[in-house]
Amino acid sequence: MATITTPSETGLRRKREVIDQAVIRFAGDSGDGMQITGSQFTNTVALYGNDLSTFPDYPAEIRAPAGTLPGVSGFQVHFSSSEIYTPGDSVDVLIAMNPAALKVNLADLKKNGILIVNTDSFEENDLRKAQMTSNPLEDHTLDGFRLFAVDLTKLTRAALAELGLDTKSMDRCKNFFALGMCYWLYNRTMDSTYRWLDDKFKKKPLLAEANKLAMKAGYSYCEATEAFQVTYEIPPAKLTPGMYRNISGNAALALGFVAASQKSGLPLFLGSYPITPASDILHELSMYKDFGVITFQAEDEIAAITSAIGAAYAGALGMTTTSGPGMALKTEALGLAVAVELPLVVCDIQRGGPSTGLPTKTEQADLLQALYGRNSEAPIPVIAASSPGDCFWVALEASRIAVKYMVPVIVLSDGYLANGAEPWRIPELKDLPEIPVHFVTDPEGFLPYKRDPQTLARPWAIPGTPGLEHRIGGIEKKDVTGNINYEPLNHEKMVRLRAAKVEAIAQDIPEVVPAGEPDGDLLIVSWGSTYGSITAALRALQAAGNTHRIGHVHLRHLNPFPRNLGEVLKRYKKVLVPEMNMGQLLQVLRAKYLVDAEGYNKIQGRPFMVAEIEAKIEEVLA
Amino acid sequence: MATITTPSETGLRRKREVIDQAVIRFAGDSGDGMQITGSQFTNTVALYGNDLSTFPDYPAEIRAPAGTLPGVSGFQVHFSSSEIYTPGDSVDVLIAMNPAALKVNLADLKKNGILIVNTDSFEENDLRKAQMTSNPLEDHTLDGFRLFAVDLTKLTRAALAELGLDTKSMDRCKNFFALGMCYWLYNRTMDSTYRWLDDKFKKKPLLAEANKLAMKAGYSYCEATEAFQVTYEIPPAKLTPGMYRNISGNAALALGFVAASQKSGLPLFLGSYPITPASDILHELSMYKDFGVITFQAEDEIAAITSAIGAAYAGALGMTTTSGPGMALKTEALGLAVAVELPLVVCDIQRGGPSTGLPTKTEQADLLQALYGRNSEAPIPVIAASSPGDCFWVALEASRIAVKYMVPVIVLSDGYLANGAEPWRIPELKDLPEIPVHFVTDPEGFLPYKRDPQTLARPWAIPGTPGLEHRIGGIEKKDVTGNINYEPLNHEKMVRLRAAKVEAIAQDIPEVVPAGEPDGDLLIVSWGSTYGSITAALRALQAAGNTHRIGHVHLRHLNPFPRNLGEVLKRYKKVLVPEMNMGQLLQVLRAKYLVDAEGYNKIQGRPFMVAEIEAKIEEVLA
Amino acid sequence: MATDTLPVYTKKDFQTDQEVRWCPGCGDYAILSAVQSVFAELKVPREKFVFISGIGCSSRFPYYMNTFGFHTIHGRAPAVATGVKLVHPELDVWVATGDGDSLSIGGNHTIHMLRRNVGLKVLMFNNRIYGLTKGQYSPTSEFGKKAKSTPFGSLDRPFDPISLAIGAEATFVARSVDVFQQHLKDTLKAAAAHKGSAYVEILQNCNIFNDGAWKTLTEKDARSEHMVQLEHGKPLVFGKNREKGIRENGLNLEVVQLGNGIAEHDLLIHDAANPNPAYAFLLSRMEYLPDFPTPIGVFRSVEAPRYEDLIAKQIQDVIAQRGKGDLGKLLRAGDTWEVKA
Amino acid sequence: MATDTLPVYTKKDFQTDQEVRWCPGCGDYAILSAVQSVFAELKVPREKFVFISGIGCSSRFPYYMNTFGFHTIHGRAPAVATGVKLVHPELDVWVATGDGDSLSIGGNHTIHMLRRNVGLKVLMFNNRIYGLTKGQYSPTSEFGKKAKSTPFGSLDRPFDPISLAIGAEATFVARSVDVFQQHLKDTLKAAAAHKGSAYVEILQNCNIFNDGAWKTLTEKDARSEHMVQLEHGKPLVFGKNREKGIRENGLNLEVVQLGNGIAEHDLLIHDAANPNPAYAFLLSRMEYLPDFPTPIGVFRSVEAPRYEDLIAKQIQDVIAQRGKGDLGKLLRAGDTWEVKA
Ligand SMILES: Cc1ncc(C[n+]2csc(CCOP(=O)(O)OP(=O)(O)O)c2C)c(N)n1
Ligand SMILES: Cc1ncc(C[n+]2csc(CCOP(=O)(O)OP(=O)(O)O)c2C)c(N)n1
Ligand code: SF4
Ligand code: SF4
Ligand SMILES: [Mg+2]
Ligand SMILES: [Mg+2]
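Quick mapping for you: the protein sequence lines, in order, are chains A, B, C and D.
If you use the numbering used here, the first sequence closes out at 622, no skipped numbers anywhere.
If you use the numbering used here, the second sequence closes out at 1244, no skipped numbers anywhere.
If you use the numbering used here, the third sequence closes out at 1585, no skipped numbers anywhere.
If you use the numbering used here, the fourth sequence closes out at 1926, no skipped numbers anywhere.
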């Protein structure tokens, strides 16, 4: 670790350490603006060129009273000079705006980590609200950390004294005082935040000014006081060249579907009923009216999906978004979509269950529901996103398959991807996949269930097309003609055709290529949001000089599986399947390939830590 | 085959063959009363002591116009002097009341089988309605069968001439003319049908008389004419001694739940929404008000199951009945039942799918939905009935488990069991299992999620109990106290506890004991309504002198599996899993036991034929 | 499209080759025939018609109409149809449904469709029974109904479909009867002409499971006594010899004998366009009062913006303000930064 | 049970140890406090109270009531509660729900519960927004509402919960306001006293996502101008100085100035017991007419048999006729035969 000693303006001599990465968490009351503070810090490090990964941690849906434990809101930023994949297991710097925030987050602070607390909010009743019996600043709770006890509130008020704001408004700026301190600590410029403040408070320049002053005050406070003996330097990362933006999974999904609509030339129709953590997709898409997006907030999840089926029938790119409980309500309608063979995309942003469960926490436990949660044999392609940015590409892939094969497609994301954000390389339009669409128009020889010999897709014949008047429905249909038909052999034929159509997609998706070793001691098979932790863990093991031959297959397509998966599984002595559920992918792999794979299951409403995966791998290989 | 030649009253000498079994099918228009005719024949042979199995084959739900193909209604009776397990693959005697009935059913008549047709209904337009271009009685369609062309209508009218009935009423009796012929053909007495007619037409003695006359006329017609050269004798079967009745699967389920209610002392509450083929359970139970049964026809399936959950919460034996599409709608509520850990029984009478599919046809394709069709990890015990009579016992077992473990239980039956009937040995009340229930009443130390150490069941504390006021809900709960709780480790603990509770049931159910060989070449594993065909096939193979060592495990418990199943699977060289789906049990067995089992799948809306299973087994063993 | 280029349709043009599978004598046949004739007269290109249904005997309807047809799942037709309409407002979308499909499992979708005023024409076949599932009572069955699931009589109070629809903000509500072909056709035309949601209750006889449910209204002689026709701008007169009428009486209505001082112009003059739904609601409760007749015809028909038009307009407005969306710009929106090679 | 053996309750007895997790300033606090005080006065043993809810901020209610409580799933509380009531008619079952829970996803269960007249007391917290999911518009949000999912304004016409309930055959319908504690308590008591379904719309302020939704009714001065209290047997008077009133005018209502010839007895005298729902429906439409106030209080309160009582009675009657069911006999019913050893 390089160390330069620089004379600072104040003449104090300080160490400046060049390090590879850092994790910083802003924590405070819901009212303290921690999300804004975090995003500002994120933008600054992003613009500077670090790789990064962030994770907001809101309180449960309802706002709890100020200062209480359930009211704590946090925002974590992991930034680095090399590629990173997660927001980080534990934090180097914790900013705690009140006792509750301290109590909730302290466990994640590294030994000897930097802890900045706002001493002004450690009064008797602050402690009581946080259910603390003694003051941590006084007992020895905080030994073993580098504690910086700062009168944030007082200092901020002092800095803003001139402006003549009421105290409430002044106190609203104290998060920017803390932000200023962090900028100083990591040698960052405050410019982008200045710009943002100017823009945000166009109408209220005084508030812009106030927040700037507070931020500067925080910065100079560190400069002036003896407080910190070190500052840190984290050089830019070598990322693939290109234009970048920071993006969350839900925002990326929304963009992906708008892109799919544009590439296919189909109007986008979203039928949705709000539910955490999927609602933001509805919110995002409802802003894109200029792209002709139709967003329909339905009376319930059933109306949401059935309206989307109606839209698809009418020739739109029909989709619906939801989470576990809502997904359960859509299963009957999913069966209809399978039977009438219309394109449809259903996004399930998974959350903790069962039932209402842990609405704001993440989980991966809807895979089996996605695969089998319908009456009778109703096969549906299922694909899962692996990172916030990947959600964009998954939306395009789902739309491509739905339209090409005339089939409903389920997209699995989760609360962690939905709210987590990462820098995303913005694609060139020309790099987006084509999504060709063909509506039949020629009545000559038209039959509703006459399939394309290659894709087995039936024709898409939309209302309004002269001469194509026809009837479809959920009752079993005669092959080719689509007329109601109860004949035994026709039924078996149709059941097998619907299955074959989905199976055929395996020919239309890439084979898997394991990361790391192509064969050897251990293969890790995973899907969804565990991608980051597992990849990071494998890098870490490698860095630590692990000598075993380890491969990693992260599946995007969960039905059908890539055609070479079975063969790849056989190349390794052991197979480990880490999942945030009780072993759902594991069960499908074992059934299909009779491979004696082992599961590693965490079902705690939060992602795997890199260290947990590392430890498990070492255990398995030991 | 014994053959006696007896002088008949008319002096004609006829052969009377003693045979082991026969299959007879009555087929006609929906309006021809074939169901009644069939049930009468069934009663008579039952009272005589034959073993038997019957299957009605109605037209699709809507009544099609008279004389048309979709309008054909049939009733098949298989009766024997030895044990039988199915209604029979093909028929020895077919009664066809009109051309449509002939067209639909002829394929199932054995070569050289007896075919009785009502020639009076083969006019021009009868043929047209049946979409026949030429008259089968005249072309050679019927060569190779023993055709008896009888002017059923004319003869019936003649027989009833005296009574002064209008022709419509007279023609309504022709099915009894046909019935009379069959009684003669199989040397049966008409007494029980006389009794039934007297009872049914108490108020209309004239109609009773008319039908009796018609039946007698049919009987003496055979007696008098040269028509038949042979009559058949099928001696009584050696059945386990006891009192018997004929029962359908749906009726047996209903009785089973009334019995469970009586044995547990809990009021029975059924919340249901009508759906084919489950509706009859609702109809049956709604007649048992004298047992205090509360039947609530809800506005939809969701209200049906949630009202049952409310009833269970209030201390009733709560249940709901449905079929595939309705089951799909109940999945969100099932998750709630899992989370609040209340006893509940959900019956899914499976039918052909996907979506509306084949509403009146049978299928076994809801197993995976029953096991996994819910958001997140929500394990539920699943039990399946294997025969109409077994439905009674399954209802009791489901109720026992639900109440003992405070857990929702899914019962799987199907259209074939629901409508099919067989003689059922009526149990003595003392042979029924006990279903002990314990409501907590002591506030001392009461905690809503303090579990019974052995069953892991939480206490059942019903509203109205002083001092037990408490709150439950679908959000994750703190172990023991049941308070809302979002802690990561508590969540994992609760998820594992709910799973462990269901797994523990394996200790409370019998181990499997294979029928046939305890080990050897081939093990057949099956579940549900395939029991009959498979058992019959194995008997047949044995009879045919098959020398391979074959075992058969028919699973009642599909979650959890009997504890020794894995070990049993290893005792055989091969494992074959016949199912009326695309391989659902197969997939679970392969995943759990890594056994390379093979599936035999038929998905045609109708049961396996005995011959199909035989052939498959021979193929596998070849 | 210019209607003069329209092929001239006959009823036949709207018949399909599918064998109709309703019971002989079912009231659905009459409704099918009326709809087919009316469609032939509507001057709408056949390919613009879409018939969407749920599940039930009534919901088999689309199979027998030679238009675009979608037989969906139980109770969800209004939601599926809403999706179709929002994507293609110019289509003429009709819904065939039953008292169970529309008011039992589908009740929520029905009231929300009406509240939004989606431009759908809903034909609700009310036979006061579940026909397809062989005869359970429905939400419109009379209290005490003995049916498959209620051998001792049902204990639910029925909905009045007209009252419920009005309570759900419906802009067009009407009632007709399967066997009154002319009245039915006129009612269908009125519905077709209405811009927003049109909810039409059609009293239909299920001769198999609920025969004669509407006898008192359909029997030749009884008819005129038990029924009053609502005609916009006309007084409410009924009775075998049109000798009786309905008159205002405070906030209520009363039945009066015409003659000796009481003339038709003294009676309540029907105003289907009355903006206040309380008026139509009052009419819908008439039949529950002693000696009052059952009204048929158009209870309410008022103008209100169609949901699909509002949605299309909002999109146009936003595009007018912002210009058509540019995907490239959208992807680059917000804070971006470039990583140089 | 004899009420004299009843413990004397105080509000405290109905509070729980659970930390209340609504936003500071939320109208739900006021409702909770009113319910707790009213329960203390109802002379019902505490263990007989059951509070059932769906999902939403409002549906967290049961956790804060020291009674039996069941926080179920979104929209299904009326169905769950119906199950409880049918099994134990003697329990005092209340439902806490919101405008989304009760009228969006739960609309169908709500109208069917009302139609059946199940003896449930439903408290519908109407904040005209989805609070728990952070601010999407709801079925009661005003047309054009800008909310999370409608940045350009919503295009749905709202339900009037009172009209909808009346259209669904409700026997008791009332409206009150979170901040009018006394009026709210009186309304809750009236609901508690009603034998059948009681549907109470409580106007509630969500100060986070829809602050001031009911300002015009709650603001001190505006209040008297925009609101009229419905009191059985009393004239409809309103205005700062009670100078205005509502009077019948044909089938409609009109706003009149009191004085110069017009006295209170000339006004409409409220009759909550009016058997014809058209009367209460008319009142529910008043607020949509220019210059008319919004009514609060009990719109309708009529007697009708409770569903749970009818079901219990049917069972008793059958038992009275046939005697209690005998399982042995039941199993042996129909044709049986014996197989001898
Ligand atoms: C989800 C679901 N639940 C139940 C059914 C069974 N079902 C089919 S139609 C029907 C009711 C039909 O009644 P109605 O809508 O009045 O139509 P009708 O047959 O009387 O014309 C029911 C309960 C189904 N098909 N799907
Ligand atoms: C099946 C299902 N769909 C959606 C949700 C998400 N959700 C929870 S509460 C709610 C709406 C709440 O609105 P309201 O009933 O008005 O209650 P409030 O929070 O405003 O009191 C929604 C959409 C859910 N929990 N379950
Ligand atoms: S069952 Fe009734 S409604 Fe259905 S087709 Fe037959 S007669 Fe018509
Ligand atoms: S979000 Fe609104 S309704 Fe919910 S608790 Fe907060 S203020 Fe109350
Ligand atoms: Mg009906
Ligand atoms: Mg609300």
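The reader is advised that the hints may include incorrect statements.
[To be verified] No more than 27 Å apart at the CA atoms, straight line, and that leaves these computed lysine-lysine pairs for DSSO-like:
{"no.": "1", "chain 1": "B", "residue 1": "K885", "chain 2": "D", "residue 2": "K1898"}
{"no.": "2", "chain 1": "D", "residue 1": "K1719", "chain 2": "A", "residue 2": "K204"}
{"no.": "3", "chain 1": "B", "residue 1": "K1100", "chain 2": "D", "residue 2": "K1909"}
{"no.": "4", "chain 1": "B", "residue 1": "K885", "chain 2": "D", "residue 2": "K1914"}
{"no.": "5", "chain 1": "C", "residue 1": "K1568", "chain 2": "B", "residue 2": "K822"}
{"no.": "6", "chain 1": "D", "residue 1": "K1909", "chain 2": "B", "residue 2": "K822"}
{"no.": "7", "chain 1": "A", "residue 1": "K103", "chain 2": "B", "residue 2": "K822"}
{"no.": "8", "chain 1": "A", "residue 1": "K200", "chain 2": "C", "residue 2": "K1478"}
{"no.": "9", "chain 1": "A", "residue 1": "K200", "chain 2": "D", "residue 2": "K1731"}
{"no.": "10", "chain 1": "B", "residue 1": "K1238", "chain 2": "A", "residue 2": "K592"}
{"no.": "11", "chain 1": "A", "residue 1": "K404", "chain 2": "C", "residue 2": "K1292"}
{"no.": "12", "chain 1": "C", "residue 1": "K1429", "chain 2": "C", "residue 2": "K1390"}
{"no.": "13", "chain 1": "D", "residue 1": "K1909", "chain 2": "C", "residue 2": "K1392"}
{"no.": "14", "chain 1": "D", "residue 1": "K1731", "chain 2": "C", "residue 2": "K1573"}
{"no.": "15", "chain 1": "B", "residue 1": "K790", "chain 2": "C", "residue 2": "K1478"}
{"no.": "16", "chain 1": "B", "residue 1": "K825", "chain 2": "C", "residue 2": "K1292"}
{"no.": "17", "chain 1": "A", "residue 1": "K574", "chain 2": "B", "residue 2": "K1192"}
{"no.": "18", "chain 1": "A", "residue 1": "K430", "chain 2": "C", "residue 2": "K1573"}
{"no.": "19", "chain 1": "C", "residue 1": "K1573", "chain 2": "A", "residue 2": "K203"}
{"no.": "20", "chain 1": "B", "residue 1": "K1195", "chain 2": "A", "residue 2": "K592"}
{"no.": "21", "chain 1": "D", "residue 1": "K1914", "chain 2": "C", "residue 2": "K1392"}
{"no.": "22", "chain 1": "C", "residue 1": "K1568", "chain 2": "D", "residue 2": "K1731"}
{"no.": "23", "chain 1": "B", "residue 1": "K825", "chain 2": "C", "residue 2": "K1390"}
{"no.": "24", "chain 1": "D", "residue 1": "K1731", "chain 2": "A", "residue 2": "K202"}
{"no.": "25", "chain 1": "A", "residue 1": "K570", "chain 2": "B", "residue 2": "K1196"}
{"no.": "26", "chain 1": "A", "residue 1": "K238", "chain 2": "C", "residue 2": "K1573"}
{"no.": "27", "chain 1": "B", "residue 1": "K885", "chain 2": "D", "residue 2": "K1909"}
{"no.": "28", "chain 1": "A", "residue 1": "K573", "chain 2": "B", "residue 2": "K1196"}
{"no.": "29", "chain 1": "C", "residue 1": "K1568", "chain 2": "A", "residue 2": "K263"}
[Stated by the list, open to error] The calculated label-pair distances, taken between Cβ atoms and stated as ranges, are:
{"no.": "30", "chain 1": "C", "residue 1": "K1390", "chain 2": "B", "residue 2": "V640", "range": "47 to 55 Å"}
{"no.": "31", "chain 1": "C", "residue 1": "P1289", "chain 2": "A", "residue 2": "K592", "range": "45 to 53 Å"}
{"no.": "32", "chain 1": "C", "residue 1": "N1493", "chain 2": "A", "residue 2": "P65", "range": "55 to 63 Å"}
{"no.": "33", "chain 1": "B", "residue 1": "G864", "chain 2": "D", "residue 2": "R1907", "range": "22 to 30 Å"}
Keep in mind the hints are simulated off the structure, nothing from the lab.
Even for Gly, the Cβ is constructed at its ideal location relative to N, Cα and C.
Structure-based check of each hint:
Taking the CA atoms of B:K885 and D:K1898, the gap is about 24 Å. The hint holds against a cut of 27 Å. Taking the CA atoms of D:K1719 and A:K204, the gap is about 26 Å. The hint holds against a cut of 27 Å. This hinted pair does not check out: B:K1100 and D:K1909 have alpha carbons roughly 44 Å apart, beyond 27 Å. For the hint linking B:K885 to D:K1914, the alpha-carbon distance of about 15 Å falls within 27 Å, and the restraint holds.
Straight-line distance between C-alpha atoms of C:K1568 and B:K822 comes to about 76 Å, which puts the hinted pair past the 27 Å bound. Distance restraint check for D:K1909 and B:K822: the Cα-Cα separation of roughly 25 Å lies within the 27 Å cut-off, and the hinted pair is therefore satisfied. Under the criterion of a C-alpha separation no larger than 27 Å, the hint pairing A:K103 with B:K822 is inconsistent with the structure, at around 79 Å. Straight-line distance between C-alpha atoms of A:K200 and C:K1478 comes to about 63 Å, which puts the hinted pair past the 27 Å bound.
Between A:K200 and D:K1731, the direct Cα distance comes to roughly 20 Å. Compliance with the 27 Å bound is thereby established for this hinted pair. Taking the CA atoms of B:K1238 and A:K592, the gap is near 22 Å; set against the 27 Å cutoff, the hint holds. For the proposed pair A:K404 and C:K1292, the alpha carbon gap of about 26 Å is at most 27 Å, so the pair holds. This hinted pair does not check out: C:K1429 and C:K1390 have alpha carbons roughly 33 Å apart, beyond 27 Å.
Our distance criterion of 27 Å between C-alpha atoms is met by D:K1909 and C:K1392, whose separation comes to about 22 Å. Of the supplied pair hints, the one linking D:K1731 and C:K1573 holds, its CA atoms being roughly 25 Å apart against a limit of 27 Å. The hinted pair formed by B:K790 and C:K1478 fails the criterion: a straight-line CA distance of about 48 Å is larger than 27 Å. At roughly 57 Å between alpha-carbon atoms, B:K825 and C:K1292 are farther apart than 27 Å, so this suggested pair is violated.
For a cut-off of 27 Å, the pair hint linking A:K574 to B:K1192 stands: about 23 Å separates their Cα positions. Among the hinted pairs, A:K430 with C:K1573 is consistent with the structure: their alpha-carbon atoms are about 14 Å apart, no more than 27 Å. A hinted pair counts as satisfied when its Cα atoms are at most 27 Å apart, and C:K1573 with A:K203 qualifies at roughly 26 Å. With a CA separation close to 20 Å, the supplied pair B:K1195 and A:K592 stays within the 27 Å bound.
For the given pair, D:K1914 sits about 23 Å from C:K1392 by alpha-carbon distance, which is consistent with the 27 Å threshold. A threshold of 27 Å between alpha carbons decides the hint, and for C:K1568 with D:K1731 the separation of about 22 Å falls inside it, so the pair holds. For the suggested pair B:K825 and C:K1390, the alpha carbons sit about 21 Å apart, so the restraint of at most 27 Å is met. Restraint check: the Cα-Cα separation between D:K1731 and A:K202 comes to about 22 Å, which is no more than 27 Å; the hinted pair holds.
Between A:K570 and B:K1196 the alpha-carbon distance is near 23 Å, which keeps this suggested pair within the 27 Å criterion. For the given pair, A:K238 sits about 26 Å from C:K1573 by alpha-carbon distance, which is consistent with the 27 Å threshold. Taking the CA atoms of B:K885 and D:K1909, the gap is near 15 Å; set against the 27 Å cutoff, the hint holds. Taking the CA atoms of A:K573 and B:K1196, the gap is about 26 Å. The hint holds against a cut of 27 Å.
The hinted pair formed by C:K1568 and A:K263 meets the criterion: a straight-line CA distance of about 15 Å does not exceed 27 Å. Here the CB-CB span from C:K1390 to B:V640 is close to 49 Å, well matched to the stated 47 to 55 Å. Checked against the hint of 45 to 53 Å, the C-beta distance between C:P1289 and A:K592 comes to roughly 50 Å, which is consistent with it. The supplied range of 55 to 63 Å is met by C:N1493 and A:P65, whose beta-carbon atoms lie about 57 Å from each other.
B:G864 and D:R1907 have their C-beta atoms about 27 Å apart, which keeps the hinted 22 to 30 Å range intact.
Consistency note: the structure conflicts with the earlier hints numbered 3, 5, 7, 8, 12, 15, 16.
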